[in-house]
Amino acid sequence: MFEEGGISTILVTMMPSWAEKYGVPRAVAVEFPFGHPLGLPGSLHMQTAVIKDALKLLEESTGPNTIVHLEHAWPEDETEWRRKWQPEAASPLIAKYLDQIRAIKT
Amino acid sequence: MVVDSYKWLPYRLSAWMQMEWQAPGEPATTPFTPLAKPLNSTRFALLTTGGLYLKGQQQPFDVEREAREPDWGDPSYRVIPKETMLGEIEVAHTHYNPADAVEDLNILLPIHRFTELEKAGEIGSLAPSAYSVMGYQGHPVPDYTQWQERYGPEILEQMKAEGVEALLLTPA
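In order, the protein sequences belong to chains Y and L. Heads up, the first sequence is in the numbering used here, so the first residue is -4 and it goes up one at a time. Heads up, the second sequence is in the numbering used here, so the first residue is 40 and it goes up one at a time.
Keep in mind that the hints are not guaranteed to be accurate.
[What the hints assert, rightly or not] Not the full set, but computed from the structure, chain L residues with beta-carbon under 7 Å of chain Y:
| id | residue |
| --- | --- |
| 1 | Val41 |
| 2 | Trp47 |
| 3 | Thr69 |
| 4 | Pro109 |
| 5 | Pro120 |
| 6 | Ile146 |
| 7 | Arg152 |
| 8 | Thr154 |
| 9 | Pro167 |
| 10 | His178 |
| 11 | Gly191 |
[As the list claims (entries may be wrong)] Derived Cβ-Cβ restraints for the label pairs, each shown as a range:
| id | chain 1 | residue 1 | chain 2 | residue 2 | range |
| --- | --- | --- | --- | --- | --- |
| 12 | L | Gln61 | Y | Ser38 | 32 to 38 Å |
| 13 | L | Glu127 | Y | Glu(-1) | 29 to 35 Å |
| 14 | Y | Lys100 | L | Glu161 | 48 to 54 Å |
Note that these hints are calculated values from the structure, not bench results. Treat the numbers as computed from the prediction; the structure is a model and nothing was measured. For every residue, glycine included, the Cβ atom is placed at its ideal position computed from N, Cα and C.
Required output: the full structure, derived from the provided sequences and hints.
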């Protein structure tokens, strides 16, 4: 949509495997919880650092499907955040398919 | 490091997503427009899929219909002016906890960070309008018809009218 319209795009993704699978002009990948592509609220330094990494790739990339995995580590407890990013109630989608999801063998 | 796309997901949920979720067809080639100018003379816009809207001024994304039809997602968009302040944003999105985005929209739509970068001379400018959509577009195959035929072209037209040359995309 946008690249064909003459606009250069840069994606910040938490799911680089999907970007690789389906194709993307350029992307930086962060290992941050969902809903937090630029980090924590009020953390100006963290937000700006990710943005500057994204802008660097935007400027340097020369062809499509350039995906750079960034080194930023999530600064808070990971076990806690595996729950904390999730909605308080399951989404309608997950609620609908919960039996199917629960039937998956671990 | 290699970013683990499934790090934050429960095991069964990530397995289910990888089994059941589908793309709406893969493009033959990925489009690519090189950045035409240095960053410090490029005009930017921002777009997030986080479901942000202006509290009390805009309609929320239609999560009530999504509750009735879990395989459907609202395809519309909201324009968020770059002058928007903290506290003026609300979120309608059923697939993540929006508390942090409501507290600081910059984690998804960094209008204040880009305004700072503009003042510092690191980018050319931030366009007046930023954009918010609600990323979930249906299951198992997302329906991008409305996006491709109506909303996407409308957003592109507004960006072109505002002289936008580059776009930061931030999914939730």
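Taking the hints in turn, this is what the structure says about them:
1. Val41: holds (6 Å)
2. Trp47: Holds, because the Cβ-Cβ distance from L/Trp47 to chain Y comes to roughly 5 Å (cut-off 7 Å).
3. Thr69: The hint holds - L/Thr69 has a Cβ within 7 Å of chain Y, the shortest such distance being about 4 Å.
4. Pro109: holds (4 Å)
5. Pro120: violated (19 Å)
6. Ile146: Holds, about 5 Å.
7. Arg152: holds (5 Å)
8. Thr154: violated (12 Å)
9. Pro167: violated (16 Å)
10. His178: holds (6 Å)
11. Gly191: holds (4 Å)
12. L/Gln61 <-> Y/Ser38: 32 to 38 Å: Holds - the Cβ-Cβ distance for L/Gln61 and Y/Ser38, about 35 Å, lies within 32 to 38 Å.
13. L/Glu127 <-> Y/Glu(-1): 29 to 35 Å: Holds: the Cβ-Cβ distance is about 33 Å, inside 29 to 35 Å.
14. Y/Lys100 <-> L/Glu161: 48 to 54 Å: Because 50 Å falls inside the window, the suggested range holds.
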